[in-house]
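*Asks:* Residue numbers (numbering that gives the first Met the number 0), protein chains in the order written: chain A, 0 to 409; chain B, 0 to 370.
These are calculated hints, taken from the structure and not from any lab test. Here a beta-carbon is modelled for each residue, glycine too, at the ideal position from N, C-alpha and C. Errors might be hidden in some of the hints.
What the hints assert, rightly or not - Over 12 Å on every C-beta distance to chain A, these chain B residues come out as not near it, computed from the model: (1) E14; (2) D33; (3) A125; (4) Q259.
What the hints assert, rightly or not - Which bits of chain B does chain A cover? Going by a derived footprint, with three or more residues having C-beta under 8 Å, they are: (5) 73-79; (6) 132-140; (7) 206-218; (8) 267-277; (9) 329-336.
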Amino acid sequence: MDFNDTPDQAKFRAKCKEWLDSNAKLKDAGKRINVESNLEELIAKAKVWQKKKYDAGWAMLHWPKEYGGINATPIERIIWGQEESKYDVPGSIFEIGLGMCGPVMMQYASEEQKERYLPPMAEGKEIWCQLFSEPSAGSDVAGLRSKAVKDGDEWVINGQKVWTSGAHYSDYGILVVRHDPDLEKHKGLTFFFVDMKSPGITVKPIKQITGTAGSGAGFNEVYFDDVRIPDSQRLGEIGDGWKVAITTLMNERLAVGDAKGADVNEALSLAKDKDDFGQLMIKNQAVRDKLADWFCEANGLKYTKFRTMSALSKGEAPGPEASITKIVSANKLQAIGNFGIDSGDMAGMLIDEEDGMSSFQAAWLGAPGLRIAGGTDEILKNIIAERVLGLPQDPRADKGLPFKDIPSGK
Amino acid sequence: MNLDFSDDQKFLQDEARKFFDKEGGLTNTRKVMDESLSHDEALWGKVLELGWTGIRIPEEYGGLGLGHLELCVIAEEIGRALAPIPFSSSVYLFTETIIKYGSEEIKKNVLPKLVTGEIVGTYAVAEDMSAITESTLSCAVEGDSVTGAKIAVPDAELATHAVVLVKGTKGPELRLVDLNSDGVEISLQKNLDKSRSFYKVAFNNAQSSLLGDQGSGWESHVHIMDQAAVLFAFEQVGGSQQALDMAKEYAMERYAFGRQIGSYQAIKHKLADMYVAVTLAKSNCYYGAWALSSESSELPLAAATSRVSATKAFQLCAKENIQTHGGNGFTWEYDCHLFYKRSKVLSLNLGSEASWKEKLVSAMEKTNTLN
Ligand SMILES: Cc1cc2nc3c(=O)[nH]c(=O)nc-3n(C[C@H](O)[C@H](O)[C@H](O)COP(=O)(O)OP(=O)(O)OC[C@H]3O[C@@H](n4cnc5c(N)ncnc54)[C@H](O)[C@@H]3O)c2cc1C
Ligand SMILES: Cc1cc2nc3c(=O)[nH]c(=O)nc-3n(C[C@H](O)[C@H](O)[C@H](O)COP(=O)(O)OP(=O)(O)OC[C@H]3O[C@@H](n4cnc5c(N)ncnc54)[C@H](O)[C@@H]3O)c2cc1C
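Sequences are here, hints too, so could you generate the full structure?
*Replies:* As structure tokens, then:
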């Protein structure tokens, strides 16, 4: 039992550090977050950083060389991630593409398509989004209704997607649609990738609880009005849409992982230098109790990740431990955000004119979305109960029915 | 990066699990409870035969000369089996104190007999119904004679010796006392978990030997507590996992309203919460095991983190296991209460959750190492 890198891993880590040191600045803890920062600027900055990484081979290091990677091992990928996360670098806008669309393209696209689409995706030249959720299909994504009708070598798509993060700046998207409503719900789905500039696609940004629409991490409604997609952009067989979608969702769970933002260290720093009831907050027993709980959660997640890494290091498949990450970290983020805001007492709700929201305020406002996106808390608990613990599935009201006969509500 | 036990250690754990199962598992715990025994004599005898009390004792004193990690894996299995034996008192607390603070002479006299079981040890701290501090310590030593009383001392009847935390002229001291010597009086105290025994031990000019240095007894005591916290936490994780497994099994078999109760989300989500707590606790324990076995300066932080996390996990799993069992869970016949009671006693043995949270935050203030 040790935390040391093997000599090879240490060498690799040093290489990561060296490159990062000469290309980025270390993070500045407690920095205020301005959510209203200009979108174009944000994208431009992110693209520059991605391109830099790509040119040096870091962008998608675990990918094969021919698609822009360096064939790195899973453990090297984690080491890179650990090192990069210490630096103040732009992020997020490529996460869905690289974390979810990339792997699905890698697995299902033709060789020609992979050569065409994967390198620009890795380079950050082309941004991708994920068009799964619909007004009537979120947790139950297989209940989606957008239609695909075959017409010669093409498919004609009609319907609506919703909550599509980044659709407003994306070049391509992965899409699940229903090709046959007479089949059972999971059997009537087919998977495509689509050019977001195709005629008939309309993207309408949705105003989020942050009060912004069309911001960096913002989501959208996406309407499909007789959009034509060539059959060659189908991923998997006709009717295999669910299977392909599940591959993507599995990747999503790995990609989403740890909720980023105000953490226990920030809460500790705050408590160490802020007065409350005439004494430092850190002297308050109620504050100490919370810090202890958050530390146990954060530390538990950290070492859960280390256990996963250890398994990977030995060439073993990691256990199901990682399934707890999002549920624990998103809830912790919300609680820490709340704690930081409350420390301002009567004035805790005020936003600084110049610096914008505090990291606690941003955490509090963003956390509700994290508890929903990529599988809600409730769905994740179902998954732990059913897949990890092996408890029976919920009885289903839709079992065996043709999709068109399934009851639906709001 | 290798945050995992070695194949040998995993093998040892597997052997330990099979051993406790073969020897009767929870029926031993029940027997001790129902017959008001102090411990399971036969089981303790077999544990001695296996040499487990000497795991950490160097070979020159007749032990196996293995490390703390071996102790961690056995602790987890003891926790799972709720084994009614004085292992934690004698091994995690007493033996570790002798190894670390005993003079050469004491080590020579005591360690080999701990391996054979001729000596069984315990560790005496509490004096009243509150957390002890350096300044409230009242049991005192003058010259070599100890006077005062300790309560909630585990396994004191079976134990032949005790490490006693006392007030000395230069500050707290750790003292080794032969419990069969003059001036020692032991009386059983009733407690919530009848599968474990606790005693009042009164000293009236009882003879003792100094362990470690005069005046640094408090630091030594804190260090022994930190070490033991990791080992207790492994017991707690073993118990949590077993309580979760029990709840899961029952939820699969029990039907209500025409369905397995495990198909209701109220039960599923309860069990998922238990799984999350156990997973966090286990990962924290691995960190604790690393700090313990590598003698890291992070031990105070790692120990408190393991301890708090495991205490929370075991208490959650034990109470929700009862809940999952419905009316059956509230009966003496079902095993749920064994876990409930052990989870409480284990959570108090080294000091309450609140006191360990206090240690955790103090360590955080000093180190701030999470990144
Ligand atoms: C910030 C953000 C970004 C997103 N980005 C994308 C994206 O890029 N692409 C995309 O396709 N989607 C995206 N989503 C959509 C997201 O996947 C869905 O919102 C999510 O799956 C929940 O679906 P829903 O909103 O329809 O809620 P519903 O499924 O209607 O759920 C409503 C409530 O019911 C509960 N519930 C539902 N089913 C069950 C059940 N079986 N058992 C217990 N409780 C249940 C849910 O947990 C929830 O609390 C995003 C969402 C957010 C918030
Ligand atoms: C101290 C005590 C005194 C009692 N006295 C009496 C008495 O005087 N007279 C009498 O008739 N009975 C009495 N009972 C019985 C009591 O009413 C039942 O124990 C109780 O209704 C639970 O039923 P069960 O034990 O069969 O558990 P189960 O119904 O098997 O429940 C097991 C678990 O499954 C859960 N569960 C069951 N169905 C669902 C569902 N649909 N959704 C979600 N979760 C579910 C339960 O909440 C529980 O956690 C007593 C019980 C106790 C503990």
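*Asks:* For a quick check of understanding: which of the numbered hints are violated here, in increasing order?
*Replies:* Those not satisfied are hints 4, 5, 6, 7, 9.
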